[in-house]
Amino acid sequence: MSQIKNIYCQILSPQAPCYSGLLFQLPEETQFLQELQQGKLPQNLLKEFHEAGIAFSGQVYPAFKKDHWLLREEGKEFLLKRWRGQLCLYQGVNSIVVPAYDGEMAIYKGHCNLVAQLLSGECRIQKGEETLFYFVNGGIAKVLTSGKNETLLTEVTLLVDEALTPEQIQNLDEKSIQNELEEAKKAKALDERGREKKNHNIHATKSKLKLYQKLTAKNSS
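At position 117 of the sequence shown the residue is numbered 193 (this note's numbering), and the sequence of numbers has no breaks.
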C-alpha cells in the first residue's frame, strides 16, 4: 500500500464547490468509532458508498490528523474525514498543477506545507491516465502535508474567486468570451487600483479563451 501516491484536493469558489468530495451522513457515532477501531466501516455507510458508485472492501487506517481516515485496498486509496457533522469522502489523484504567482506549480504527495497566491489560468488534475482541465480565477492554494510513511497525507485546497469545470468550459461560447475580452480592454481605469483590476480581467478572460480553444481542439481531434 505504500506505493500509492495519492493527494486529496478540492477547488472551492463562492458559487459552489468545483471539485470536492462526496458528502455522507455520519452514522451513530459510538458504533462508527468502534468499527473504525476494528479497521472497517459500518454496513449502512458502505451501502451509501455503493449507491454513489464507489466499491470498497478494504481496510480503514487512522491518518495522522484527527477525524481523518485512509481507506485502502489493493491499488486504491480514499480519504474519509469528519466535517461539520457529516462525512466527506475524497478519491485520490496523482497530482495537481496550479497557476501560481511565480509560474505553474505542480503538487505531489509529500509536498511541503505552503500558502501560494494564484493567478488566473489553467488548473490540471492528473487522475490515473485522465487529465482534467479546470479554469480558476485568482485566489490562493493551501497545501498541508501531515504524518509520515503509512500515515503520510497531503491535502490541497484551492480557494478561488471563480472556477469552471471542464464541462462548463466546453459549454461556453467562443464569441461571448471574445466579447467579454473586448469589454475588459475597453474598461476605464481611473487610478492604479483600477488599472490593476483591468489588467487582471484581461488576463483572466484571455486565459479562459485559451483554455476553451485548447479543450475544443482536443475534443475534435
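Warning: the hint list may mix true and false statements.
Said to hold, decoys possible - With a straight-line Cα cutoff of 25 angstroms, these simulated PhoX-like cross-link-like pairs (lysine-lysine) come out:
1) LYS203 with LYS224
2) LYS116 with LYS81
3) LYS273 with LYS286
4) LYS141 with LYS218
5) LYS282 with LYS261
6) LYS152 with LYS224
7) LYS282 with LYS251
8) LYS224 with LYS185
9) LYS218 with LYS251
10) LYS274 with LYS286
11) LYS264 with LYS290
The set of hints was computed from the structure by calculation and includes no laboratory data.
Being a predicted model, the structure only gives us computed values, none of them experimental.
So, going through the hints one by one against the coordinates:
1. LYS203 with LYS224: Holds, at roughly 23 angstroms.
2. LYS116 with LYS81: holds (22 angstroms)
3. LYS273 with LYS286: holds (20 angstroms)
4. LYS141 with LYS218: Within the cut-off at roughly 16 angstroms; holds.
5. LYS282 with LYS261: holds (11 angstroms)
6. LYS152 with LYS224: holds (19 angstroms)
7. LYS282 with LYS251: Between LYS282 and LYS251 the Cα gap is close to 13 angstroms, so the pair holds against 25 angstroms.
8. LYS224 with LYS185: Distance ~11 angstroms between LYS224 and LYS185 Cα, so the pair holds.
9. LYS218 with LYS251: violated (34 angstroms)
10. LYS274 with LYS286: holds (18 angstroms)
11. LYS264 with LYS290: Distance of about 30 angstroms is beyond 25 angstroms: violated.
Hint compliance for this structure: hints 9, 11 are not met, and every other hint is.
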